[in-house]
Amino acid sequence: MTFSLLIAQLINGLQTGSVYALVALGYSMVYGIIKLLNFAHGDIIMVGAYMVYYAIASFALPPVVAIILAIGVSTLLGVTVEKVAYTPLRSAPRLSLLITAIGVSFLLENGAQLVFGADQKSMDPLITGSVMFGRVNVSYTAIVTIVVSLIIMILLWFVVNKTKAGKAMRAVSEDMGAAQLMGISLNRTISMTFAIGSALAGIGSVLYLAAYTQASPTMGSMLGIKAFVAAVLGGIGSIPGAMIGGFTIGVLEALVAAAGFSMWKDAAVFLVLIIVLLFKPTGFLGKKMQEKV
Amino acid sequence: MSNVLKCEHLRVVFGGLAAVSDFNIEVNENEIVGLIGPNGAGKTTVFNLLTGVYTPTSGVITLCEKDLAGMSTVARNHEGIARTFQNIRLFKDMSVLDNVMNSFNTRMHYSIAEALLRLPRYWKEEKAAKKRALDLLKVFNMQDQADEIAGNLPYGSQRRLEIIRALATSPKLLLLDEPAAGMNPAETENLMETIGKIRDSFHIAILLIEHDMSLVMGICEKITVLNFGEVIAQGTPEEIQKNPVVIEAYLGKRRD
Chain Y
1 MTFSLLIAQL INGLQTGSVY ALVALGYSMV YGIIKLLNFA HGDIIMVGAY
51 MVYYAIASFA LPPVVAIILA IGVSTLLGVT VEKVAYTPLR SAPRLSLLIT
101 AIGVSFLLEN GAQLVFGADQ KSMDPLITGS VMFGRVNVSY TAIVTIVVSL
151 IIMILLWFVV NKTKAGKAMR AVSEDMGAAQ LMGISLNRTI SMTFAIGSAL
201 AGIGSVLYLA AYTQASPTMG SMLGIKAFVA AVLGGIGSIP GAMIGGFTIG
251 VLEALVAAAG FSMWKDAAVF LVLIIVLLFK PTGFLGKKMQ EKV
Chain F
1 MSNVLKCEHL RVVFGGLAAV SDFNIEVNEN EIVGLIGPNG AGKTTVFNLL
51 TGVYTPTSGV ITLCEKDLAG MSTVARNHEG IARTFQNIRL FKDMSVLDNV
101 MNSFNTRMHY SIAEALLRLP RYWKEEKAAK KRALDLLKVF NMQDQADEIA
151 GNLPYGSQRR LEIIRALATS PKLLLLDEPA AGMNPAETEN LMETIGKIRD
201 SFHIAILLIE HDMSLVMGIC EKITVLNFGE VIAQGTPEEI QKNPVVIEAY
251 LGKRRD
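Chains as they are written, first to last, in the numbering used here: chain Y, 1 to 293; chain F, 1 to 256.
Everything labelled a hint here was simulated from the structure, so no lab data went into it.
Careful, some of the hints might be misleading.
What the hints assert, rightly or not - Listed below are the simulated DSS-like cross-link pairs for lysine-lysine, each with C-alpha atoms no more than 30 Å apart in a straight line:
#, chain 1, residue 1, chain 2, residue 2
1, Y, Lys35, Y, Lys83
2, Y, Lys35, F, Lys92
3, Y, Lys162, F, Lys172
4, F, Lys124, F, Lys172
Remember, it's a predicted structure, so these values are computed and weren't measured experimentally.
Make a model of the complete structure from these sequences and hints.
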């Protein structure tokens, strides 16, 4: 394997990794605030991808409108799922919530088959062309994906650390009861978390579609699981952890593929997850669990 | 002197057991009232009733003549009730400043879009909130620790920060749950000064639960004694100290 091929694969890895990271952020933020593994999160991406497909292929809308539509619908869907399915279970055991999330995931996947049809929809690439850096050929799609993801992550960092909404989210995730006693509304803060997480998934869906140009009802399931692995690997609940986890998995997959084992890349991801969890059960940046005696 | 808090015939029953029965109290502006009683007497339950964490089985709570029935914890905080906790519950991973600024959260009105675009309202409100938070920290000599992570502060400072965080919500009634717990005599002395200062400069009503009798007798104007969920005595510190019913509740009956 030549050096330039290795670099090209690394860039590929960073590209898929940024999509994983954006989706993983949604998993991690929701887990951080209500301790729910929102398995329906991956399917939000699927709906977002269909929005882009129909807007462009069927209604010939300009790509910008399609992107805004995808992000808007994803956000709305995420918040609706939270209000309809999760809010009534706020004081129920965590397991009921988890099973509900799996149920919502099935509902969305099968609903999509009913509404959009079970076949894959293919569309023309959103972004075409590439540029040569020395002897490495880099597609514009890769550049746009990586740059957009980095910008989004910086914006997210700003929102979480420097705005009242972000501080409310951190306060609620640390101590729900104390936050309420300081006048912070639980409903609003949790909805805000779902809205931001789902908007990130919407952006992820656009970037995913830019890379793979096809949408199918079950596309969200493997993508969702990979992003979930990324969130766990980075330390679930941790925002920088989700980013690091996403990029790690993306690069790992690309390297395994570059070594000629592309059939094994999913297995490699889960193997690494198992190894990391054996030695550091809380992931790279996860908080130490304190055992109560 | 105007009435800030008034509880009438407050009662709450958990599974057939009355944790609090017939609780009556009045706390006025500029007044420090102590709530004492043996362990398990129902003191913290009273705080949970006042803040809306528990719903009373019967009875009335009014804050500045407004009935609080049916109001959520958040709504009650907006009406003017704030509290601290027996076991410190700061947002430990956040900075001292952010802990205080969180209390202004619902009093800021900019949207996420305004924040992302850095529109003037974002800057204006954030700046005003930061200034208010720093001013408040300065009152309690904590401005130098503003950027420290709350969980890393020494114990006494964490307790003080909890009080500041509660004060930042601009309460009319401040509830302090065992503020002196775990403090040494010097720290307790310091705390008494702080509580007095709060009453004098913020003109609010303070209701405090405390086991440290030097603190209770030293700064409370009135004391209410609870035992098994019932008020067994009310009065000035002198009256309470001489009250045989109170002495019996704390020390048991004299056998002679």
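Each hint, compared with the structure:
1. Y:Lys35 <-> Y:Lys83: holds (16 Å)
2. Y:Lys35 <-> F:Lys92: Judged against 30 Å, a Cα distance of about 18 Å means the pair holds.
3. Y:Lys162 <-> F:Lys172: It holds: about 29 Å lies between the C-alpha atoms, which stays within 30 Å.
4. F:Lys124 <-> F:Lys172: At roughly 26 Å apart (the allowed maximum being 30 Å), lysine 172 of chain F and lysine 124 of chain F satisfy the hint.
Comparing the model with each numbered hint stated earlier shows that all of them hold.
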